[in-house]
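Asker: Build out the structure end to end from the sequences listed, making use of the hints.
So the protein sequences, as listed, match chains P and Y. Numbering-wise, the first sequence is residues 0 to 74 according to numbering that gives the first Met the number 0. Numbering-wise, the second sequence is residues 0 to 947 according to numbering that gives the first Met the number 0.
Just so you know, the hints here were simulated from the structure itself, not pulled from any lab data. Each hint can be trusted.
Below are the EDC-like pairs computed for lysine to aspartate or glutamate, each with C-alpha atoms no more than 20 Å apart in a straight line:
{"#": "1", "chain 1": "Y", "residue 1": "Lys-396", "chain 2": "Y", "residue 2": "Asp-447"}
{"#": "2", "chain 1": "Y", "residue 1": "Lys-4", "chain 2": "Y", "residue 2": "Glu-273"}
{"#": "3", "chain 1": "P", "residue 1": "Lys-22", "chain 2": "Y", "residue 2": "Glu-498"}
{"#": "4", "chain 1": "Y", "residue 1": "Lys-267", "chain 2": "Y", "residue 2": "Asp-123"}
{"#": "5", "chain 1": "P", "residue 1": "Lys-65", "chain 2": "P", "residue 2": "Asp-27"}
{"#": "6", "chain 1": "P", "residue 1": "Lys-9", "chain 2": "Y", "residue 2": "Asp-897"}
{"#": "7", "chain 1": "P", "residue 1": "Lys-22", "chain 2": "Y", "residue 2": "Glu-798"}
{"#": "8", "chain 1": "Y", "residue 1": "Lys-379", "chain 2": "P", "residue 2": "Asp-35"}
{"#": "9", "chain 1": "Y", "residue 1": "Lys-512", "chain 2": "Y", "residue 2": "Glu-499"}
{"#": "10", "chain 1": "Y", "residue 1": "Lys-420", "chain 2": "Y", "residue 2": "Asp-398"}
{"#": "11", "chain 1": "Y", "residue 1": "Lys-101", "chain 2": "Y", "residue 2": "Glu-68"}
{"#": "12", "chain 1": "Y", "residue 1": "Lys-226", "chain 2": "Y", "residue 2": "Asp-123"}
{"#": "13", "chain 1": "Y", "residue 1": "Lys-611", "chain 2": "Y", "residue 2": "Glu-728"}
{"#": "14", "chain 1": "Y", "residue 1": "Lys-611", "chain 2": "Y", "residue 2": "Glu-598"}
{"#": "15", "chain 1": "P", "residue 1": "Lys-22", "chain 2": "Y", "residue 2": "Glu-489"}
{"#": "16", "chain 1": "Y", "residue 1": "Lys-152", "chain 2": "Y", "residue 2": "Glu-230"}
{"#": "17", "chain 1": "Y", "residue 1": "Lys-195", "chain 2": "Y", "residue 2": "Asp-110"}
{"#": "18", "chain 1": "P", "residue 1": "Lys-9", "chain 2": "Y", "residue 2": "Glu-798"}
{"#": "19", "chain 1": "P", "residue 1": "Lys-22", "chain 2": "Y", "residue 2": "Glu-499"}
{"#": "20", "chain 1": "Y", "residue 1": "Lys-379", "chain 2": "Y", "residue 2": "Asp-487"}
{"#": "21", "chain 1": "Y", "residue 1": "Lys-323", "chain 2": "Y", "residue 2": "Glu-660"}
{"#": "22", "chain 1": "Y", "residue 1": "Lys-11", "chain 2": "Y", "residue 2": "Asp-57"}
{"#": "23", "chain 1": "Y", "residue 1": "Lys-323", "chain 2": "Y", "residue 2": "Glu-313"}
{"#": "24", "chain 1": "P", "residue 1": "Lys-22", "chain 2": "Y", "residue 2": "Asp-487"}
{"#": "25", "chain 1": "Y", "residue 1": "Lys-379", "chain 2": "P", "residue 2": "Glu-28"}
{"#": "26", "chain 1": "Y", "residue 1": "Lys-238", "chain 2": "Y", "residue 2": "Asp-689"}
{"#": "27", "chain 1": "Y", "residue 1": "Lys-650", "chain 2": "P", "residue 2": "Glu-8"}
{"#": "28", "chain 1": "P", "residue 1": "Lys-44", "chain 2": "Y", "residue 2": "Glu-615"}
{"#": "29", "chain 1": "P", "residue 1": "Lys-9", "chain 2": "Y", "residue 2": "Asp-631"}
{"#": "30", "chain 1": "P", "residue 1": "Lys-44", "chain 2": "Y", "residue 2": "Asp-631"}
Counterexamples of contact, computed for chain Y against chain P with all Cβ distances above 10 Å:
{"#": "31", "residue": "Ala-145"}
{"#": "32", "residue": "Gly-199"}
{"#": "33", "residue": "Gln-326"}
{"#": "34", "residue": "Lys-786"}
One side of the interface only, derived from the structure: several residues of chain P facing chain Y at Cβ under 10 Å:
{"#": "35", "residue": "His-6"}
{"#": "36", "residue": "Met-13"}
{"#": "37", "residue": "Gln-24"}
{"#": "38", "residue": "His-36"}
{"#": "39", "residue": "Pro-43"}
Quick reminder that beta carbons are idealized off the backbone N, C-alpha and C, glycines included.
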Amino acid sequence: MSDAATHAEKLVSMANQIAQFFKSQPHDEAVASIMDHLRSFWTPKMRRQIAEYLAAGGQSFDPLTKEAVARLTDI
Amino acid sequence: MSLIKEVDYGTKLAAGAATVTLTIDGERVTVAQGTSVMAAAMSMGTQIPKLCATDMLDAFGSCRLCLVEIEGRRGTPASCTTPAENGMVVHTQNARLAKLRKGVMELYISDHPLDCLTCPANGDCELQDMAGAVGLRDVRYGYKGANHLDGAKDESNPYFTFDESKCIVCSRCVRACEEVQGTFALTIQGRGFDSKVASGGVDFLSSECVSCGACVQACPTATLTEKSIIEMGQPEHSKVTTCAYCGVGCSFKAEMQGERVVRMVPYKDGKANEGHSCVKGRFAYGYATSKDRITKPMIRAAITDPWREVSWDEAFAYAASEFKRIQAKYGRDSVGAITSSRCTNEEVFVMQKLVRAGFGNNNVDTCARVCHSPTGYGLKMTFGTSAGTQDFKSVEKSDVILVIGANPTDAHPVFASRMKKRLRAGARLIVADPRRIDLVKSPHVHADYHLPLLPGSNVAMINALAHVIVTEGLVDEAFVRERCDLADFESWARFIAGEENSPEAVEPITGVKPADVRAAARLFATGGNGAIYYGLGVTEHSQGSTMVMGMANLAMATGNLGRDGVGVNPLRGQNNVQGACDMGSFPHELSGYRHVSDEATREMFESLWGVKLDHEPGLRIPNMLDEAVSGDFKGLYVQGEDIAQSDPDTKHVVAGLEGMECVIVQDLFLNETAKYAHVFFPGASFLEKDGTFTNAERRINRVRRVMTPMAGLADWEVTLGFAKALGFEMAYAHPSEIMDEVAQLTPGFRGVSYARLDELGSVQWPCNEEAPLGTPIMHVDHFVRGKGRFMITQFVATEERTGPRFPLLLTTGRILSQYNVGAQTRRTLNNVWHEEDVLEIHPFDAESRGIRDGDLVALASRIGEVSLRASISDRMQPGVVYTTFHHPNSGANVVTTDNSDWATNCPEYKVTAVQARRTNQVSDWQEQDRETGVSLRRIAREAADAAE
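Answerer: Here it is as structure tokens:
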């Protein structure tokens, strides 16, 4: 596996971890919290990388992560 | 310059509003009720002769030198043990008292060597002073009677000697060990004339002594003396400064001869330590003048080249040209920097300013990333600010102390002494830790409950404690109603009351008996003031931030916030880790924890700095390394941090560093990271610069320069030089001007200045118009965020799991005598206590693997393997092993993984699945590390010689 692919996989795993924490909140709040966390702490490039991963199918994404990343429009 | 001498009142000054007025030698004096006659006299400047009394200790009344006359009372009571009373009339000097005192001194001196001129304490000896004070001119008994002049000298301790022949058996050392340090290593052995001070072991070194120096400081003669004093003589001037080791931030007097440190003496007026110290701060300062110091800037084109010593100007020019080249080729975001928790606030501030305004991005991070970043996140989410809630003194009012994932007696020893004092006075103790740390059972201290949870189960444990409190109706409803967001509380309470959070349900996860969890929870909720103290055993987990929020929930639910004796208290790892975070070291935050996306804040900085700032967060350390491995991140400026040793998954860190085209390391030594560097800026020790450190209780303390920087520049000046070469000039003539800028830009620091610090000694932020004297206790009437926010803290197991191949859990930490990556302490005599990292393993686990104490053991995880000596210890629980990371070639972080906290990417150092087996060789990595340790550190001799 290439370094870039490993890196993308790691970002997906990190995003899923974030989703896991916010999962206990009501659905809409959870999606908003995940988006907010990604915007607050991730660089635009990292956000772009997971958006690209989603565009490519995003099969390893947690459903909640998928929804939050899909709504990340400002990257 | 002169030697700073604190006033010794002989006994502690009482506190409190009630006062008494008495007359001493014809002068009326008013003191707090409970003050001794001795201290009352000293408060008006009258020093009553004394030997066994000192205000660091409780009154003892044994030397009989401090006798006074009190009108209306019979005899001559000891002034140290007699409380001052209203209307009392005291005489401290008259013929009768003079005769009595002279008689006492005659007895002392009749059994004391008369070698004052060659004695190391000459000029700093209370016995000598008292002989002068009482006018001793001869000794009627002569010197030929029975005596102790042939007493043995114990020189086993590397830092001080015990010369029995000079001991007057005043018990100050024994009492200091008990009352100040709380170790009880010393005792008075024998009776009457045979009485003598004894350590528990054969000698001091083999005893329980922790070399804190309290006994040496308390000794009124030359019996206990620093070896440095014996070698060098008495100091002639001193300055108050702040220790550069742990987050307690002890104040010390650096006692000097010219520019040479003679000794470091804990400063009694230092509010973090109140005159106490540990073996590191007190004695282990020799690294600052170690022969290993690099004192000339160096550059090289490739890491395989030898280093070439150059001038500062050439080093700055080369580094700047490389960073400019890299940014031109790979883009603005291809470079970044790591600030140091060992450097001053001012140095950190200019580093992050260089990155944001000079590099033009927000790729700045700090070593807090790998220790307390979850503290910042978790406490900000729940309380609204990223810092602990109390001052250290608060522990004196605690009734129940909950210690989670911290080992204060080893990692924060001076605070631990305070805590133990409170525990000896009756506070109850709950320890949640996988190991049986010393606090669980030590002299006169024992935990009411030790919850030996499995690594990785913190959140399940904190939820179980909260579950008991909620389901048994122990919530402080009045506090919650008044101070917290009720909707959040109700939602949390519903979650936490769920059966899945009960102690019984989580027992398979935590491994702790439910009955103990229930009892501990009841004690915490009902035992009075409950305080939580925690360390890296909380934060360095994949759920580190969740756990911090869990503790905040527990404190809010039990009403334990906003007053003395309570709170959520992170025990910070490094001396200035709090300050480094405060100063805007995180890639998403400007100073004062304000997000870079906040336009109003950014505009304030932009207008002062004259540049446009990026509004997006930058890269964290792990992100920088990941991007370096994938080829996008090419230049790194690392100040006072050794990521190749301290950060997890060493091979990945090294791969990242090797992928960069210019790594600048600024450090005292050619550390592990410097093996992969292209530019080396020699650093300055804490003794070589002015500035401030902020400790774990948010206390800003002054650091004062006592010697010229060995490399010619203080660290802040180096950053300025590099910045100037890059074309971004920062004009400061002194660190005080940097602090003035911090104050101008940061609301919580608005009232901080060097003048204010000199006036108050130190100050705890926030310090501004609302709190001009600082803020010892946070969240008194309301939380910084308004209402306290309960957060739902669902337990999520780490992805790091044990299995047949890796059945043990490895957890890592520190020991008392060494510090962090050991760069400082390994270059001192502290190695006598810990010359290598060992693997602590339970006897069951050792036996089933055929491992004996001292065997070389291969420790393997899914990502790496190293070899360490085994130390069999039943303070481990079966299935859990432990090691430290103080020595680079041990390679503890070769086995730790890059799993990290979900919110902050703080590495999960505390949970690694491993296997251990006997071996007879070091690992391949260790072999290779030894080779690169030499080959990547070569300095071109001809250049070095030419530069001489």
